[in-house]
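Trainee: Next come the chains, spelled out residue by residue.
Protein chains: 4
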Amino acid sequence: MSGIWFTEKQTENFGITMKVNRTLHTEQTDFQKLDMVETEEWGNMLLLDDMVMTSKVDEFVYHEMVAHVPLFTHPNPENVLVVGGGDGGVIREVLKHPSVKKATLVEIDGKVIEYSKKFLPEIAGTLEDPRVDVQVDDGFLHIAQSENVYDVIMVDSTEPVGPAVNLFTKGFYAGISKALKEDGIFVAQTDNPWFKADLIRDVQRDVKEIFPITRLYIANIPTYPSGMWTFTVGSKKHDPIEVSEERFHEIDTKYYTKELHKAAFALPKFVKDLTE
Amino acid sequence: MSGIWFTEKQTENFGITMKVNRTLHTEQTDFQKLDMVETEEWGNMLLLDDMVMTSKVDEFVYHEMVAHVPLFTHPNPENVLVVGGGDGGVIREVLKHPSVKKATLVEIDGKVIEYSKKFLPEIAGTLEDPRVDVQVDDGFLHIAQSENVYDVIMVDSTEPVGPAVNLFTKGFYAGISKALKEDGIFVAQTDNPWFKADLIRDVQRDVKEIFPITRLYIANIPTYPSGMWTFTVGSKKHDPIEVSEERFHEIDTKYYTKELHKAAFALPKFVKDLTE
Amino acid sequence: MSGIWFTEKQTENFGITMKVNRTLHTEQTDFQKLDMVETEEWGNMLLLDDMVMTSKVDEFVYHEMVAHVPLFTHPNPENVLVVGGGDGGVIREVLKHPSVKKATLVEIDGKVIEYSKKFLPEIAGTLEDPRVDVQVDDGFLHIAQSENVYDVIMVDSTEPVGPAVNLFTKGFYAGISKALKEDGIFVAQTDNPWFKADLIRDVQRDVKEIFPITRLYIANIPTYPSGMWTFTVGSKKHDPIEVSEERFHEIDTKYYTKELHKAAFALPKFVKDLTE
Amino acid sequence: MSGIWFTEKQTENFGITMKVNRTLHTEQTDFQKLDMVETEEWGNMLLLDDMVMTSKVDEFVYHEMVAHVPLFTHPNPENVLVVGGGDGGVIREVLKHPSVKKATLVEIDGKVIEYSKKFLPEIAGTLEDPRVDVQVDDGFLHIAQSENVYDVIMVDSTEPVGPAVNLFTKGFYAGISKALKEDGIFVAQTDNPWFKADLIRDVQRDVKEIFPITRLYIANIPTYPSGMWTFTVGSKKHDPIEVSEERFHEIDTKYYTKELHKAAFALPKFVKDLTE
Numbered sequence: 001m002s003g004i005w006f007t008e009k010q011t012e013n014f015g016i017t018m019k020v021n022r023t024l025h026t027e028q029t030d031f032q033k034l035d036m037v038e039t040e041e042w043g044n045m046l047l048l049d050d051m052v053m054t055s056k057v058d059e060f061v062y063h064e065m066v067a068h069v070p071l072f073t074h075p076n077p078e079n080v081l082v083v084g085g086g087d088g089g090v091i092r093e094v095l096k097h098p099s100v101k102k103a104t105l106v107e108i109d110g111k112v113i114e115y116s117k118k119f120l121p122e123i124a125g126t127l128e129d130p131r132v133d134v135q136v137d138d139g140f141l142h143i144a145q146s147e148n149v150y151d152v153i154m155v156d157s158t159e160p161v162g163p164a165v166n167l168f169t170k171g172f173y174a175g176i177s178k179a180l181k182e183d184g185i186f187v188a189q190t191d192n193p194w195f196k197a198d199l200i201r202d203v204q205r206d207v208k209e210i211f212p213i214t215r216l217y218i219a220n221i222p223t224y225p226s227g228m229w230t231f232t233v234g235s236k237k238h239d240p241i242e243v244s245e246e247r248f249h250e251i252d253t254k255y256y257t258k259e260l261h262k263a264a265f266a267l268p269k270f271v272k273d274l275t276e
Numbered sequence: 001m002s003g004i005w006f007t008e009k010q011t012e013n014f015g016i017t018m019k020v021n022r023t024l025h026t027e028q029t030d031f032q033k034l035d036m037v038e039t040e041e042w043g044n045m046l047l048l049d050d051m052v053m054t055s056k057v058d059e060f061v062y063h064e065m066v067a068h069v070p071l072f073t074h075p076n077p078e079n080v081l082v083v084g085g086g087d088g089g090v091i092r093e094v095l096k097h098p099s100v101k102k103a104t105l106v107e108i109d110g111k112v113i114e115y116s117k118k119f120l121p122e123i124a125g126t127l128e129d130p131r132v133d134v135q136v137d138d139g140f141l142h143i144a145q146s147e148n149v150y151d152v153i154m155v156d157s158t159e160p161v162g163p164a165v166n167l168f169t170k171g172f173y174a175g176i177s178k179a180l181k182e183d184g185i186f187v188a189q190t191d192n193p194w195f196k197a198d199l200i201r202d203v204q205r206d207v208k209e210i211f212p213i214t215r216l217y218i219a220n221i222p223t224y225p226s227g228m229w230t231f232t233v234g235s236k237k238h239d240p241i242e243v244s245e246e247r248f249h250e251i252d253t254k255y256y257t258k259e260l261h262k263a264a265f266a267l268p269k270f271v272k273d274l275t276e
Numbered sequence: 001m002s003g004i005w006f007t008e009k010q011t012e013n014f015g016i017t018m019k020v021n022r023t024l025h026t027e028q029t030d031f032q033k034l035d036m037v038e039t040e041e042w043g044n045m046l047l048l049d050d051m052v053m054t055s056k057v058d059e060f061v062y063h064e065m066v067a068h069v070p071l072f073t074h075p076n077p078e079n080v081l082v083v084g085g086g087d088g089g090v091i092r093e094v095l096k097h098p099s100v101k102k103a104t105l106v107e108i109d110g111k112v113i114e115y116s117k118k119f120l121p122e123i124a125g126t127l128e129d130p131r132v133d134v135q136v137d138d139g140f141l142h143i144a145q146s147e148n149v150y151d152v153i154m155v156d157s158t159e160p161v162g163p164a165v166n167l168f169t170k171g172f173y174a175g176i177s178k179a180l181k182e183d184g185i186f187v188a189q190t191d192n193p194w195f196k197a198d199l200i201r202d203v204q205r206d207v208k209e210i211f212p213i214t215r216l217y218i219a220n221i222p223t224y225p226s227g228m229w230t231f232t233v234g235s236k237k238h239d240p241i242e243v244s245e246e247r248f249h250e251i252d253t254k255y256y257t258k259e260l261h262k263a264a265f266a267l268p269k270f271v272k273d274l275t276e
Numbered sequence: 001m002s003g004i005w006f007t008e009k010q011t012e013n014f015g016i017t018m019k020v021n022r023t024l025h026t027e028q029t030d031f032q033k034l035d036m037v038e039t040e041e042w043g044n045m046l047l048l049d050d051m052v053m054t055s056k057v058d059e060f061v062y063h064e065m066v067a068h069v070p071l072f073t074h075p076n077p078e079n080v081l082v083v084g085g086g087d088g089g090v091i092r093e094v095l096k097h098p099s100v101k102k103a104t105l106v107e108i109d110g111k112v113i114e115y116s117k118k119f120l121p122e123i124a125g126t127l128e129d130p131r132v133d134v135q136v137d138d139g140f141l142h143i144a145q146s147e148n149v150y151d152v153i154m155v156d157s158t159e160p161v162g163p164a165v166n167l168f169t170k171g172f173y174a175g176i177s178k179a180l181k182e183d184g185i186f187v188a189q190t191d192n193p194w195f196k197a198d199l200i201r202d203v204q205r206d207v208k209e210i211f212p213i214t215r216l217y218i219a220n221i222p223t224y225p226s227g228m229w230t231f232t233v234g235s236k237k238h239d240p241i242e243v244s245e246e247r248f249h250e251i252d253t254k255y256y257t258k259e260l261h262k263a264a265f266a267l268p269k270f271v272k273d274l275t276e
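Line by line, the protein sequences give chains A, B, C and D. Numbering (UniProt numbering) for the first sequence: 1 to 276. Numbering (UniProt numbering) for the second sequence: 1 to 276. Numbering (UniProt numbering) for the third sequence: 1 to 276. Numbering (UniProt numbering) for the fourth sequence: 1 to 276.
Isolated chain A, as found in the complex (with noise of 0.2 Å):
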């Protein structure tokens, strides 16, 4: 195994490991330490703080179910928000839904943008659509700032460690609720129950108080900690696993289906338990 390889300590001990040709950029930030690589298996593929954010091979789950699940949840998503997601990619998917009107991101990391735009334009080209309002700025103000505004709010952020510790506090959840209409919804990546057991029973337990429907949903990514991810939903009226059939429209995925989006709220015994 001569050769220059990534290895992400994804526990203090169990990591993955992978083959690197090239760096294409290395840079901190004001916010975290950013690469991006060319790998052999994943193609050109972004880490902030040496941890896999994505990459262009298996990117299309995470950005899919992000996106997908609460936009055919909601009956007619027009105000969208994403949270973090400076790579573009629920961005792109979000835009696949006609119903939307207008999608705003909020990167506290305006490097994350500028390099995913460079050197990933497959996840970020639809960046500069006009109906997309790009801000680099801090999400956890932004939802302070924001009442009655939006039906669905999707956060896509790194771990909560660095920047995105905020992200996962019960008063950042209140503010979503606050920053959607009375009929919103609100997706948050919630790490993985193999590692994060702790982690998802809390923001579980901090949803339910605040939001009437409380769900998650799981999806397999196989460059995350454990390769099943899981995915916290808050919903103000629409639950996403009564979602009727003929709100799905064919739309272009690799992932996705319409069965799948019921399936993934079919946990394994030991992650039911964790939402109880």
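To be clear, the hints were calculated from the coordinates, so they are not data collected in a lab. Hints are not guaranteed to be accurate.
Where chains are identical, the list cannot tell them apart; a pair therefore holds if satisfied intra-copy or between any two copies.
[Stated by the list, open to error] BS3-like, lysine-lysine: derived pairs with alpha carbons at most 30 Å apart: (1) K269 to K117; (2) K181 to K262; (3) K96 to K269; (4) K236 to K96; (5) K102 to K269; (6) K272 to K170; (7) K258 to K208; (8) K272 to K181; (9) K262 to K102; (10) K19 to K9; (11) K237 to K9; (12) K96 to K262.
No experiment lies behind these values; they were computed from the predicted model shown.
Place chains B, C and D on chain A using the hints.
Mentor: Here is chains B, C and D on its own, set in the frame of chain A:
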């Protein structure tokens, strides 16, 4: 990261790595290199030819999903065969079904059984059950010599290299069909769709030519390549996705639920495409 | 590179890595983490706190160079002390000198002795020699309580962390001076000049304040950081670089020769600078 | 140890590993894979086929020891040839000798020169000196076509794989003899005695059959396998170990000294045995 770590290159350019506290047993058997190691993250773990086979912490996913899907599909499984599976995990799950009168294990490498009993007693403990017939023998030959015998056959093999290469051939599936009773059902682990898409497509094609009902389902196994594992089902009569509600009785599981049974057949689009 | 490998980070950003066939013993002793491992390249190897201490294949360099340089410098070494060195390698070399009547080993961690005897008998085998007095005790205290006793003292310690931290202090060197006879000589391993230049410079300065003759010599040890190891000599009377030819008699060695004895004091310029 | 690390397996079962801040250039040239990387420990580093060639931090050892030993042995070196050595380090040292009127560099891979100039200017900077003739050509052919031309030839090649395989043959040494003047001298890097004892023994045997004076000397290079590197000298008339004191004049070095010149020929016994 000073210390002793085990790394499995799951592809030429990607792998997992984990801290090893100690090796418990190391041996070149007649069939493969066998290592039993104590890992910090996953507890005791069985490696064959430097590939993760099973671990104390996450074994339940694989063993439950191999066993319960076909056993809850068949209306009255009495005579069950496990090919491979010398660690005993599938047998343990099989024995949770009161209808099962006999469970035969045909494992080619007796050392796998011996050291699983010694170092993974939570997995291998029920191999001593009176309903179990353990045979150290070639599963391919056992199948070839069996006719109209089994209700359910589970193929719990290693990757299609080394001793397991015959277990991924059309001839083997034809033998399984012959060995099954007229309403029999079989399931085989068929690797992951991220790195082994061709294998899954080939097996689906081969099984479809022999079995009227062919299905694919998935489970998340964090120590297996990509974290998403597939299982191919071939069935003569009973369709695993149409199993009736009343067939589910209470068993003690950590991963399998009756909702998950059905959801496991809702495939991500790029996986579904492999089955068509 | 699938398999089990031991990696020692020799600095924050550099290390060595080697294949491990099996662990032979693993224990947290009262003083340190002890691992005895079987490596493919270096044979059985002793690790303390995840740092390579000695291996079957390359141990001869260190042990010969610690022992023979001072013993061939002193005209008649009879009473010898080894501080640390529980693996027994230095003692084995000391006993090759017929003038030696008594060799005392003071090792703080009895487990090092126990498992070296068991798994490194080629190194530890002569600890049973009647001339050897093995004491499981604190070398610092032993030195503090000794006066005008030893002809030669060898300090075979670990890095200046953990139990060995006292063994790199000026107080310790003063104690050694007191413990030595009037023409006594001592040698201590003092790490490598690539990563630990400050340590070498500090020890040289401290020893010079106590001993009229202070020298530094080097040897190549492939499993130690940088491959270049230094040894600091403090001597009351005999200068190791002026040793007369006739003092050399034939001993069986693999690294040490009389020519190398002198050559080992010819330092690379950047190392020589540390001694001035 | 999350992050990007370069690992060189120096043998099947042993290697070094180091943190990489970024890759500066990566290319498959006509001859080899070339990577220029910025490492944390060793500064900028040139890799060929995933093997360390030279680094900013430790390059001085190799380059000084290749150049100064033969140049201080020869009484009046005027015309010097370097085979390989496209990084320019040997040339830089050669030019420190005022007697040298012309230094020819014959490097087969022009990309090595190009990217060393760009990313290792401290090493390659003197390639622009008017006394230097840089030829991008096959060193083996250059030697074959030269007769009675050079005072000193230095072979600064990669391992005997790939483009360098011809440079370790008896035919090549015969060509060198022909290319040298009647009192000429040559030196070649000949790997390390821990992992490549056979190579050293073979080269010694071959060179002895052609040159009346054959010697081996060593230096410590921390980023090369085992940290101990050997250089084989073949000389028609002047013996490098008998060089007179007055030949040494002051040059600016970090490793080489006149004492070390001689000491470098005092070999560890197991290395000395390879020369007999």
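Trainee: Taking the hints in turn, state whether each one holds.
Mentor: Evaluated hints:
Taking CA atoms no more than 30 Å apart as the test, K269 paired with K117 passes between copies only; the shortest distance there is 27 Å, against 40 Å inside one copy. For a Cα distance limit of 30 Å, the shortest separation of K181 from K262 inside one copy, 24 Å, qualifies, whereas the shortest one across copies, 35 Å, does not. For a Cα distance limit of 30 Å, the shortest separation of K96 from K269 across copies, 17 Å, qualifies, whereas the shortest one inside one copy, 33 Å, does not. For the identical chains of this complex, K236 and K96 are intra-copy neighbours only, at 24 Å inside a copy versus 42 Å across copies, given an alpha-carbon limit of 30 Å.
With identical chains, the CA atoms of K102 and K269 are at most 30 Å apart between copies only, with a shortest distance of 28 Å across copies and 38 Å within one. Within a single copy, K272 and K170 get their C-alpha atoms as close as 21 Å, which meets the 30 Å cut-off; across copies the closest is 38 Å, which misses it. Within a single copy, K258 and K208 get their C-alpha atoms as close as 25 Å, and across copies as close as 25 Å, so both meet the 30 Å cut-off. Proximity of K272 and K181 under a CA criterion of 30 Å is satisfied intra-copy only: 29 Å inside one chain copy versus 36 Å between copies.
For a Cα distance limit of 30 Å, the shortest separation of K262 from K102 inside one copy, 27 Å, qualifies, whereas the shortest one across copies, 37 Å, does not. In this assembly of identical chains, the alpha carbons of K19 and K9 lie at most 30 Å apart whether taken from the same copy (15 Å) or from different copies (10 Å). Within a single copy, K237 and K9 get their C-alpha atoms no closer than 39 Å, and across copies no closer than 47 Å, so neither meets the 30 Å cut-off. Taking the shortest Cα distances, K96 and K262 sit within 30 Å of each other both inside one copy (20 Å) and across copies (29 Å).
Hint 11 from the earlier list is the only one contradicted by this structure; the remaining hints agree with it.
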